[in-house]
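Asker: Next come the chains, spelled out residue by residue.
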Amino acid sequence: MMTPAAAHEPLLRIEALTKSFGGFVALENINVDIAKGERFGLIGPNGSGKTTLVNCISGALRPNKGSVVFAGDDITLLPPNRRSHRGIARSFQIPRPFRSMTVLENLMVALDFAGNRQLLETEAHRREAAMSILTRIGLAARAHVPTAVLTQVELRKMELARALATGPKLLISDEAMAGLSTSEVDEVLDLLMSLGGEDIAIIMIEHIMQAVMRFSQRVMCLDAGRIIAIGAPSVVMANARVQEAYLGT
Amino acid sequence: MQRSTILFWAGAVVFLAIVLAMTQLLRNEYPFFAGYVILQFIVLSVAWSILGGYAGYVNFGTNAFFGVGVYTAVLLVQAYKAPLGVQIAAAAVVGSLLGLGVGLLTLRMRGIFFSIATIAVAIVIETAITNWRFVGGAAGIQLQRPAVMAPFDSYVKFLFFVQALLVVLAVAITRFIQNSRIGRGLQALRDDELAAECTGVPTLRLKLLACVISGALISAGGAPAAMYLQYANPDSAFNLNYSVSVLAMSLIGGTAHWVGPVLGAILLGTTQQFLAVTISSEVNVLVLGIMLVLFVVAAPKGIIGFFGKWTQSGGRT
Numbered sequence: 001m002m003t004p005a006a007a008h009e010p011l012l013r014i015e016a017l018t019k020s021f022g023g024f025v026a027l028e029n030i031n032v033d034i035a036k037g038e039r040f041g042l043i044g045p046n047g048s049g050k051t052t053l054v055n056c057i058s059g060a061l062r063p064n065k066g067s068v069v070f071a072g073d074d075i076t077l078l079p080p081n082r083r084s085h086r087g088i089a090r091s092f093q094i095p096r097p098f099r100s101m102t103v104l105e106n107l108m109v110a111l112d113f114a115g116n117r118q119l120l121e122t123e124a125h126r127r128e129a130a131m132s133i134l135t136r137i138g139l140a141a142r143a144h145v146p147t148a149v150l151t152q153v154e155l156r157k158m159e160l161a162r163a164l165a166t167g168p169k170l171l172i173s174d175e176a177m178a179g180l181s182t183s184e185v186d187e188v189l190d191l192l193m194s195l196g197g198e199d200i201a202i203i204m205i206e207h208i209m210q211a212v213m214r215f216s217q218r219v220m221c222l223d224a225g226r227i228i229a230i231g232a233p234s235v236v237m238a239n240a241r242v243q244e245a246y247l248g249t
Numbered sequence: 250m251q252r253s254t255i256l257f258w259a260g261a262v263v264f265l266a267i268v269l270a271m272t273q274l275l276r277n278e279y280p281f282f283a284g285y286v287i288l289q290f291i292v293l294s295v296a297w298s299i300l301g302g303y304a305g306y307v308n309f310g311t312n313a314f315f316g317v318g319v320y321t322a323v324l325l326v327q328a329y330k331a332p333l334g335v336q337i338a339a340a341a342v343v344g345s346l347l348g349l350g351v352g353l354l355t356l357r358m359r360g361i362f363f364s365i366a367t368i369a370v371a372i373v374i375e376t377a378i379t380n381w382r383f384v385g386g387a388a389g390i391q392l393q394r395p396a397v398m399a400p401f402d403s404y405v406k407f408l409f410f411v412q413a414l415l416v417v418l419a420v421a422i423t424r425f426i427q428n429s430r431i432g433r434g435l436q437a438l439r440d441d442e443l444a445a446e447c448t449g450v451p452t453l454r455l456k457l458l459a460c461v462i463s464g465a466l467i468s469a470g471g472a473p474a475a476m477y478l479q480y481a482n483p484d485s486a487f488n489l490n491y492s493v494s495v496l497a498m499s500l501i502g503g504t505a506h507w508v509g510p511v512l513g514a515i516l517l518g519t520t521q522q523f524l525a526v527t528i529s530s531e532v533n534v535l536v537l538g539i540m541l542v543l544f545v546v547a548a549p550k551g552i553i554g555f556f557g558k559w560t561q562s563g564g565r566t
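Read top to bottom, the protein sequences are chains A and L.
Using the numbering used here, read the first sequence as starting at 1 and increasing by one per residue.
Using the numbering used here, read the second sequence as starting at 250 and increasing by one per residue.
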């Protein structure tokens, strides 16, 4: 059902979202829309609330106030697994693989429990789908090894592959490039860029500025739980408050 | 049907045929008396491993579910003279409800907090039974066995056969879970609950399901104990030894595959029976402890850890 109105509707709308832990306000009155297929950069110094925002979007945390609307439905109170079924996927700042499983099985978890499972009725089909995602990510050769032996970049890729296996409309990449070498950063970045071309909106949290600049259509900068700048990457970078937040006064 | 499934059911039929043949051929009742306990521990250990092994939630309240099974049977015998099949079925229903209740109350807790909560549940239920006169209260209650049906010539042999049926049922259910996506989901949430949730796994629902099935099977496995002992009292029905033994059997056998708890229960159950006869029934608790420590240190994956193919992730049969 694609009504003309729905075509202009944002994929994700965050309205007046506030999250506090005890007396500490981690996010205060955040309002932002993200469009279908948009490549969105999220930056800010450590402790500015980036990961808290991701947790509120993916369902790991519930906000104190405000709402999260995804594809037209209010999902503020849904648990993470239901959000995953609706098309929100994420990777973690510190990789969280299923350690007792192989790479392929990590993806199989996503396919076994994905919302659009009727398309992949048999285990053989799901296996095939998992392999094709791994091939695309460049991990096919590692499909049958346990996650414990993966290198850092492979772990990052595995997390992205697992997130893709849930069939997302929105992918949140939480510092997927932290600790990677320059060439590895480019590799992961190309991967993320190619996903944007498939109508998967991506929120990328990143400290590597070159990557953010190259990747993002829009950038949002958080500082101490508030949005201090949002807009085109070059404009946000030139913003005096952003420079102050990053470099100090 | 897959080849492994055909093999499994063929094995189950052979097992039951051997058990039935034993009841017809052996005169001496003692092997059945001892064997019953071992079969009972196989049921308990396999059932325990659904929640404790696959999902990684260590349930210390096995004795709660066991005791509830025993006392469901006692109640039905006292009130309605219900036959054994009804006792077991009712115990399974009550055990599943208890599993649901315990799950709803405690499954939001993790690790040691969950384990402590399950101990508390056992104590609460034991106290309630101790103060319930109709089922004997603290003094316990004597039960009269009904006449045994053909082809069995003694009630103990009959109970032995019934417990063997329960073994097949418990293993079949556990094996099904292990090979289905439920098993994969439980394994994922054991590894990392948040990552599992974000990958689409409905973790709370799966944990509740595991708790319900595990509880139902433990209670069902405990129900015939009332008739086996012809006596029930809260102290023995809710004995913490059940929790400790079952935990040890599952861990020593290994929890990555249903074969693990079966092997653990056979090994430890046989050792316990042997020690109880030759030395004393107290020594077997000591031996249990020593074996558990040895295995935790030397073979953390249990007996099946020695056979690589079962513990490799994805080893599904």
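Among these hints, one or two may not hold up.
Subject to a maximum C-alpha distance of 25 Å in a straight line, what follows is the list of computed DMTMM-like cross-link-like pairs (lysine to aspartate or glutamate) [as the list claims (entries may be wrong)]:
| hint | chain 1 | residue 1 | chain 2 | residue 2 |
| --- | --- | --- | --- | --- |
| 1 | L | Lys330 | L | Asp440 |
| 2 | A | Lys36 | A | Glu244 |
| 3 | A | Lys65 | A | Asp223 |
| 4 | A | Lys169 | L | Glu442 |
| 5 | A | Lys169 | A | Asp74 |
| 6 | A | Lys169 | L | Asp484 |
Keep in mind the hints are simulated off the structure, nothing from the lab.
Computed from a predicted structure; not experimentally measured.
Asker: Now, for every hint given, state plainly whether the structure supports it.
Answerer: Results for each hint:
1. Lys330/L to Asp440/L: violated (47 Å)
2. Lys36/A to Glu244/A: Distance of about 32 Å is beyond 25 Å: violated.
3. Lys65/A to Asp223/A: Status holds; Cα separation ~19 Å.
4. Lys169/A to Glu442/L: holds (23 Å)
5. Lys169/A to Asp74/A: holds (16 Å)
6. Lys169/A to Asp484/L: violated (57 Å)
The structure shown violates the earlier hints numbered 1, 2 and 6.
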